[in-house]
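These protein sequence lines map, in sequence, to chains H and E. Under the numbering used here, the first sequence is numbered contiguously, ending at residue 178. Under the numbering used here, the second sequence is numbered contiguously, ending at residue 254.
Please keep in mind that the hints were generated in silico from the structure rather than gathered at the bench. Even glycine gets a Cβ: it sits at the ideal position worked out from N, Cα and C. Watch out, some of these pointers could steer you wrong.
To be verified - Partial list, derived from the structure: chain H residues whose beta carbon lies under 7 Å from chain E: (1) Gly68; (2) Asp70; (3) Val71; (4) Pro119; (5) Ser120; (6) Gly121; (7) Leu144; (8) Arg145; (9) Arg147.
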Amino acid sequence: MAHRPLTGVLLVGGASVRFGSPKSLAILDGETLAARAWRLLGEACDEQLAVGKAADGLELPFPLVDDGTDVRAPLAGLVAGLRAATHDIAVVLPVDVPWMTPAGLRGLARACRDAAVPPSGPLPGAYRRSALPTLEGALSSGRLRLRHAIADLDVAIVELDAALLANVNTPDDLSRLR
Amino acid sequence: MIFRVSDSAYDRFMGRYSAQLAPAFADFAGVARGERALDVGAGTGALASELAGRLGEANVAAAEPSPQFVTALRSRLPAADVQEAPAERLPWGDEHFDLVLAQLVVSFVADAPAAAAEMRRVARRGGVVAVCMWEEDGLELGTLLRAARDAVVPEAPGPRKLGYRSERELRGLLQGADLRDVQTSRLAVESEYAGSGDFWEIATGMSGPDTAWLADLDEAQREAVRQEVHRRLGSPSGAFTLGARAVAVRATRA
Chain H
1 MAHRPLTGVL LVGGASVRFG SPKSLAILDG ETLAARAWRL LGEACDEQLA
51 VGKAADGLEL PFPLVDDGTD VRAPLAGLVA GLRAATHDIA VVLPVDVPWM
101 TPAGLRGLAR ACRDAAVPPS GPLPGAYRRS ALPTLEGALS SGRLRLRHAI
151 ADLDVAIVEL DAALLANVNT PDDLSRLR
Chain E
1 MIFRVSDSAY DRFMGRYSAQ LAPAFADFAG VARGERALDV GAGTGALASE
51 LAGRLGEANV AAAEPSPQFV TALRSRLPAA DVQEAPAERL PWGDEHFDLV
101 LAQLVVSFVA DAPAAAAEMR RVARRGGVVA VCMWEEDGLE LGTLLRAARD
151 AVVPEAPGPR KLGYRSEREL RGLLQGADLR DVQTSRLAVE SEYAGSGDFW
201 EIATGMSGPD TAWLADLDEA QREAVRQEVH RRLGSPSGAF TLGARAVAVR
251 ATRA
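Just chain H, with the same shape it has in the complex:
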């Protein structure tokens, strides 16, 4: 099968403030979660973007695409990322899923119809740019929950090893992962 170019979208916004300090800047194995996720997307994708809120003023080692909305929700980052993507399919990775692998992301991209997500939920996931009107409609009407936003899309469910999907919600989670 011919190589299909892939955009990687890193979501750095939102929950980091609840971590007590910016979650994106938390250290795991000598690098920040943001740098780790950015490196992963670089290994898996032909183009990579990071989306968040410029006003949060995080010192990140890569440029940030501002999501352009007052809304703080993963849906806002997903929409901004798909708008900025130049390839047809984007894999979207929250910053706090440190054990995801390039193979896992490519598996999601290969299965992508309008979207492809694991059984656990809509992120991380692969999304086709043609899904944008549906997602933009949900965002503009204030229906911010991703599960609802993708309910009208043709979504493939992809089984991934649960270990790849472990995420970091608290400093204690991070300590356990170290």
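Using the hints, position chain E against chain H.
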């Protein structure tokens, strides 16, 4: 544990999450047309309603110990078999159901192993027993409130610690009830809030394990926590979502 809050306060606080969790949990449990299912600790009916939508109300039963929730359930699902009963004493005969599910329940029952044994008893051979709970630190609203408390009123009494909020404990619970082929998944959902004021009003309107400690604070302490919550939310000027992650475990009765 019997929740002594109004069904509307519960729905505003937790129902906004549990209603979204229900379809994901039903998918994980493998609910299929033609089956008969029991919802144990049905609360205000988030899961029972999902099951009724898939199986038909007449094929759904619900056990719930809180009288006011039973009333709400009977009103919401008039054709379902709703019984006022604790999870440890289910009022149905042996091997009565194809599926026996408990969503966000086992941490709150007085005797979780006894509840699991009852769930097994009323499941047919080859039937499925499944439970799920918010994972420890998986409920972002709880993490947020706890972090705000630790930052500004660390001396105040904290949230109550609950058991059965890990994969290890939930797997052990079902294995301890002699159930087989145990499988696990994580299920992630979000809830919307119009702003941090909306969040605060809802959080302080419900006395549950994550919020009861707020009632013990004096006015100045509560205001300090409120301001810290707002700050940790990123001082939002618009709507936002908070995430919640459940650990779900299913097993088969041999």
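We went through each hint and held it up to the structure:
{"no.": "1", "hint": "Gly68", "in the structure": "violated (12 Å)"}
{"no.": "2", "hint": "Asp70", "in the structure": "holds (3 Å)"}
{"no.": "3", "hint": "Val71", "in the structure": "holds (5 Å)"}
{"no.": "4", "hint": "Pro119", "in the structure": "holds (6 Å)"}
{"no.": "5", "hint": "Ser120", "in the structure": "holds (4 Å)"}
{"no.": "6", "hint": "Gly121", "in the structure": "holds (3 Å)"}
{"no.": "7", "hint": "Leu144", "in the structure": "holds (5 Å)"}
{"no.": "8", "hint": "Arg145", "in the structure": "holds (5 Å)"}
{"no.": "9", "hint": "Arg147", "in the structure": "holds (6 Å)"}
Of the hints listed earlier, the one the structure fails to meet is number 1.
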